[in-house]
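2 protein chains.
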Amino acid sequence: MNVLVVYAHPEPKSLNGSLKDFTLRHLERAGHTVQVSDLYAMNWKASLDANDSLERLSSERFYPSSESKHAFENGLQSEDIAREQDKLKWADAVIFQFPLWWFSMPALMKGWFERVYAYGLAYGVGEHSDARWGERYGEGRFAGKRAMLVVTTGGWESHYSARGINGPIDDLLFPIQHGMLYYPGFDVLPPFVVYRTGRIDDAKYAEVSEALGRRLDTLWTSAPIAFRAQNGGAYAIPALTLRDDLAAGQVGFAAHIARADEGVDEAAEEATEEVKQRAEANSSTMSIA
Amino acid sequence: MNVLVVYAHPEPKSLNGSLKDFTLRHLERAGHTVQVSDLYAMNWKASLDANDSLERLSSERFYPSSESKHAFENGLQSEDIAREQDKLKWADAVIFQFPLWWFSMPALMKGWFERVYAYGLAYGVGEHSDARWGERYGEGRFAGKRAMLVVTTGGWESHYSARGINGPIDDLLFPIQHGMLYYPGFDVLPPFVVYRTGRIDDAKYAEVSEALGRRLDTLWTSAPIAFRAQNGGAYAIPALTLRDDLAAGQVGFAAHIARADEGVDEAAEEATEEVKQRAEANSSTMSIA
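From first to last, the protein sequence lines stand for chains A and B. Counted the way our numbering counts, the first sequence spans residues 1 to 289. Counted the way our numbering counts, the second sequence spans residues 1001 to 1289.
These are computed hints drawn from the structure, not numbers from a lab. Bear in mind the structure is a predicted one, so any value in this text is a computation, not a measurement. No residue lacks a Cβ here, since even glycine has one placed at the ideal position from N, Cα and C. Careful, some of the hints might be misleading.
Over the 12 angstroms line for every Cβ pair with chain A, so calculated as not near, a few chain B residues [as the list claims (entries may be wrong)]:
hint: 1; residue: R1029
hint: 2; residue: A1030
hint: 3; residue: H1032
hint: 4; residue: Q1035
hint: 5; residue: N1074
hint: 6; residue: E1127
hint: 7; residue: G1167
hint: 8; residue: F1192
hint: 9; residue: A1226
To spell it out: a stretch of chain B is covered by chain A in this simulated footprint if at least three of its residues, at any positions, have a beta carbon under 8 angstroms from a beta carbon of chain A; those stretches are [as the list claims (entries may be wrong)]:
hint: 10; region: 1003–1017
hint: 11; region: 1177–1184
hint: 12; region: 1212–1224
Excised from the complex, chain A in its bound form (with noise of 0.2 angstroms):
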């Protein structure tokens, strides 16, 4: 399989860059091929601006969506970017590799999909009607490919606990695992986090390899997070408020999980399935310009 490693961390000694380094080893032993888009090495752009496309729809003022979509449609997009698309339509899986610092992504890793995600290709895909608000959660372009976090954090694993001061870490992680992986189509895969960065010696790091390695193993039949797709019929439209019966009475980020002890609803599992072979027709045949 092709997995794409997007990593950032400025320091190649670091923690990150010898996980990041394991993960290619290991992953290519597998007999998989892999691409690296190393931010911190590759002097990415970080900032989204005028100066993303080649020639601007408006040259009066600046609209960051539809200069993307002009841009994007044809073929109009900086190099860099239609770079990084590629890679993505290549591949199968997509490993997002970075410290935590400030509670998310560092900004270089955050500029890569506010430049690379194009409307068109990761917002903006599908139409709008009383049935479906666009192609998103749970389908778009990148359906049928998986993605997987690998974060480091200095603090402890209790302070990212359910009732940890720094907020659980898969709430903190919501906003990408949700927002920016399964709002394209990602299937997304339950986080590797590895918690008190500051205290690993060599036997502790061995264990991270290891566990770190059985995920990888594991990265094309562990199941994924299961958030609730959009236009499945969990949700109304266009309001996008979850179903009254769906986690009921219950607010926040985790009500849009499905969880495993929920009756299985045939009308929307049915929609579901639709809306997935739909999203992977589309996937492969989805030109990026």
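We have chain A; now place chain B onto it with these hints.
Using the frame of chain A, we list chain B on its own:
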């Protein structure tokens, strides 16, 4: 009072640009002094890296936090960083204004936090003991200052409601409001959020700017979000998990906000007050190299 506006949008003629200009005029008319950090106009460097200090502590390997500490303590920070820290020191309140891109702030602003928030200034402050885990979450160098987000988004308000598909806006902003603003000591005011920016005509703009004006008029008097102080007794040290009797049984971000109907815990209140006084004393003697 002194107000710093940290602002990130690539187009001056955008809705964001207009609201930023409105904010400046409105605050100045009310007699306040305003400085703006217009990150796009400043061509702000987004990536935290080894060039952020004038002299490295170690040339062998780049450790972001120890290099930040060394540079901050010894007046060796890159000049653009030191200048922003001076503005923070000067400000009584800071407004962070940005469009919500992929459910967070633009990369350029994320890079502002990563680089300006030095070790010894925004983190790595205070001692660790059985009763305290550094000065953070309710104390820290910015104690006594206020902060507020001004955020625009293309999505509908219902999409960001308690059961909306994107997740509740308060939860999406928690990593910023709690993790990046409350952490180094800011009192964080409720955010000002503009939804459905594609549909802002003149009448709607008049309404939005009037509402923003009211928020600016009450910048000094409105109640901050009641995040719980770390060292006030609400959290076990060092696990930093919330005491069982507070928000009992609740998990997720909202548990870290005290509810109005919670019984007042006098011991915790006293500890918090003491913590606050010490923080404010620290803050007034703070010197930024």
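The hints, checked one at a time:
no.: 1; hint: R1029; result: holds, 27 angstroms
no.: 2; hint: A1030; result: holds, 30 angstroms
no.: 3; hint: H1032; result: holds, 28 angstroms
no.: 4; hint: Q1035; result: holds, 21 angstroms
no.: 5; hint: N1074; result: holds, 20 angstroms
no.: 6; hint: E1127; result: holds, 17 angstroms
no.: 7; hint: G1167; result: violated, 5 angstroms
no.: 8; hint: F1192; result: holds, 19 angstroms
no.: 9; hint: A1226; result: holds, 15 angstroms
no.: 10; hint: 1003–1017; result: holds (count 4)
no.: 11; hint: 1177–1184; result: holds (count 3)
no.: 12; hint: 1212–1224; result: violated (count 0)
In summary, the structure is inconsistent with hints 7 and 12 from the numbered list given earlier, while agreeing with the others.
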